[in-house]
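Student: Protein sequences appear in the order of chains A and B. Position 67, counted from 1, in the first sequence is what the working numbering calls 67; the numbers after and before it change by one each time, with no gaps. Position 295, counted from 1, in the second sequence is what the working numbering calls 295; the numbers after and before it change by one each time, with no gaps.
Keep in mind that the hints were calculated from the coordinates and are not lab data. There may be inaccurate statements among the hints.
Subject to a maximum C-alpha distance of 27 Å in a straight line, what follows is the list of computed DSSO-like cross-link-like pairs (lysine-lysine) [to be verified]:
#  : chain 1 : residue 1 : chain 2 : residue 2
1  : B       : 375       : B       : 52
2  : A       : 160       : B       : 52
3  : B       : 142       : A       : 160
4  : A       : 137       : A       : 122
5  : A       : 193       : B       : 20
6  : A       : 122       : B       : 20
7  : B       : 52        : B       : 409
8  : B       : 142       : B       : 167
9  : B       : 52        : B       : 329
10 : B       : 165       : A       : 193
11 : B       : 167       : A       : 122
12 : A       : 67        : A       : 28
13 : B       : 142       : B       : 52
14 : B       : 409       : A       : 122
15 : B       : 142       : A       : 193
16 : A       : 160       : B       : 165
Output of the computed footprint for chain A on chain B, the stretches with three or more beta carbons under 8 Å from beta carbons of chain A [claimed, not checked]:
#  : stretch
17 : 140–153
18 : 253–260
Beyond 12 Å from chain A on every Cβ pair, some chain B residues (computed) [as the list claims (entries may be wrong)]:
#  : residue
19 : 170
20 : 242
21 : 311
Beta carbons: idealized from backbone N, C-alpha and C, even for Gly.
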Amino acid sequence: MKNLLGFVFICFVSISVSAQPNSIVKLKNGSEIKGEILKNDESGVQLKTRDGSVWIFSKEEVASTEKFIPSVSRKGFYNRSTIGVMGGDDFSPSLQIVNGYSFNSHWETGIGIGFEQFYWNKYIPIFIEGKYSLLNKTTSPFVSMIAGYQMPLSNFNSNKGGFTGGIQLGITHYFSNHIGISTSAGYRFAQLKVMNMWWDDFATIQQINRFEIRVGLVFR
Amino acid sequence: MKKTTLFLALIALLSACHDKITNRYFTCIPVYTDYETFRQPVNFESAKTISKNGNIYIKDNYLFVIEPDAGIHFINNENPSLPNNLGFLSIKGCTGMSIKDNYLYANSFIDLVVIDITSITAPNEVSRIENIFPQAVPVMEKNYPVGMIDKNLGVVTSWRYEETKEKSEPVPVWNNCINCMELSISSFSSQNTTSGSGTGTSGSITKFTIINNYLYVMDYNQLKPINITNPTAPVASEPVSIWRQVETLFPHNDYIFMGTTSGMIIYTTVNPDMPQYVSAVDHMTGCDPVVVQGDYCYVTIRTGNTCVGELDQLDVINISDINSPVLMKSFEMENPHGLGISGNSLFVCDGKDGLKIFDATNPETCGDNLIHQFKDLEATDIIPFNNVAIVIGEDGIYQYDYSDLSDMKLLSSFKF
């Protein structure tokens, strides 16, 4: 599990670094080209764009060079896909996909589905999420809450699933206008009911208390 | 330093998150009635609404319906189109009954009571065998563990359900509840049987039956013969242990046919004080009432809450050689409960498939010869007698005129 999480984290970092156009060159003819500046001196500016092309502009053509700052849309639909691990008495893997809507630069809400496992039972969590971003910037801390139902994936006769809820504190960083990376840590609770055959109405109630760490991508 | 602090804080958080695993179950806690109060003579009360599905029994023009653990409804059924509920005989813990001549025999928790019904509206208790069913307990609606019973406190006449929560493990474990005892949910219940002059007819789900001058009662795994030659002084013989889980008794000539969870077994009552094993036909696990007519017996086997197994079928068994019964044919059913036979007509209460009537002119093909089916009647037991089928189901008692099997007419009903 630790190896898997490490691999995924490296992938996210690689994507973010490789995809990041960190500068923008504004030409006197009005054109703007985003990319990584390789050289900027008296002779001119060399710029490598995302497709690998290298552009060379003379000093006379260039109006200015600026640092690229993504302009993230404040309203609209988003998707956040994260993986995580929940620790405590037992380690549980978690995959969540949330589709939702951002009302402004701070508030957003969505509906999520995923896959989780507590002890030997596998579940599909179905939940709603509310999220508040503290800053109107490309990098912002956030707090989010979820509440929903853990639907059992098997043993429907005995496994009744139950409520799940949690709170997360994290950071989202957008490295382009449409893609960002999100990391968070928080607390998860679930109350799961498993019926067994010893006697009628004999239930084992699992109150799950877990510390949760998540990492994922945001698309909007 | 900050990183170390953060790491330590993370570890502390991780170790602070503990799951809480709890077992939640219910226990039947016994509620006692002292012996003196319990053994007050039974009362005949004014007619009451029938509220539960219990055993049915007919004798002459009367229909008797057991209200489990409470008593027996007396109904004048001289006109099945207009049955008259005469009254209610209050018998604590009654779940089974049988009648010979003018005496009604019923269990009352741990006792057997004999009631003179010469005057049907003024029955009176004439004798009682105390503590003949020492393990008897009230009907349990659910299969819950039972709290320890202290017989010094009296007779257990009801249950109080108590919820218990106790710590468990992620892999569920249960180490029995404190002060609980081993007790089977199986108790008396009843179906249709008749034998000997002067006796009545029961539904096919009964643990009471009378052969000649003996009443036989199935009490857990013991068959108890009771000499009723003198009804005012019945004498219990030594019980006979049966090695299977018996659910129903059916008398035929001098034989007792027992429906068990693992097959049908036959005992002879040539020595009435000590019935002896004759033969058996085994089947897979399931609940199975039995009826007999001529050289054939009919057995329904079903699955259900307390009836484990995977069989839902009607078995036809040839008993022309009583020492060597032969299973002739099995017919698939939905979830058959009680059954009854009258002439060439076999009636099967088939769960949600309703009441089915088969032509049993040729017993070995009866399951293929469906004459009629009442799909909207979830029947559990039946007494077909003199062209009137008395059917008890989940929601009431129904009486049908079956003189014309292709056009059975509903005569009357009691809704629960």
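Student: Taking only the CA atoms, is the gap from residue 142(B) to residue 160(A) under or equal to 27 Å?
Tutor: 20 Å, holds
Student: Check the hint pairing residue 122(A) with residue 20(B) against an upper bound of 27 Å on the C-alpha distance.
Tutor: Distance of about 18 Å is within 27 Å: holds.
Student: Please work out if residue 52(B) and residue 409(B) have their alpha carbons no farther apart than 27 Å.
Tutor: Judged against 27 Å, a Cα distance of about 24 Å means the pair holds.
Student: Would you mind confirming whether the straight-line C-alpha gap from residue 375(B) to residue 52(B) stays at or under 27 Å?
Tutor: Judged against 27 Å, a Cα distance of about 21 Å means the pair holds.
Student: Are residue 142(B) and residue 52(B) close enough, with their CA atoms no more than 27 Å apart?
Tutor: 15 Å, holds
Student: Given the hint that residue 52(B) pairs with residue 329(B), test it: the Cα-Cα distance must not exceed 27 Å.
Tutor: Judged against 27 Å, a Cα distance of about 35 Å means the pair is violated.
Student: Check the hint pairing residue 165(B) with residue 193(A) against an upper bound of 27 Å on the C-alpha distance.
Tutor: 13 Å, holds
Student: Checking one constraint from the list: CA of residue 160(A) to CA of residue 165(B), max 27 Å. Satisfied?
Tutor: Measuring from Cα to Cα gives roughly 18 Å; hence the hint holds.
Student: Quick one, are residue 67(A) and residue 28(A) close enough, alpha carbons at most 27 Å?
Tutor: 17 Å, holds
Student: Check whether three or more residues of the stretch 140–153 of chain B sit with their beta carbon closer than 8 Å to a beta carbon of chain A.
Tutor: holds (count 4)
Student: Over 12 Å from every CB of chain A: does residue 170(B) meet that, or does the non-interface label fail?
Tutor: Violated: least Cβ distance 5 Å, not greater than 12 Å.
Student: Decide if the proposed pair is consistent with the structure: residue 137(A) and residue 122(A), CA atoms, cutoff 27 Å inclusive.
Tutor: Since the Cα atoms of residue 137(A) and residue 122(A) sit roughly 38 Å apart, the hinted pair is violated (cutoff 27 Å).
When the structure is compared with the earlier hints, violations turn up for hints 2, 4, 9, 14, 18, 19 and for no others.
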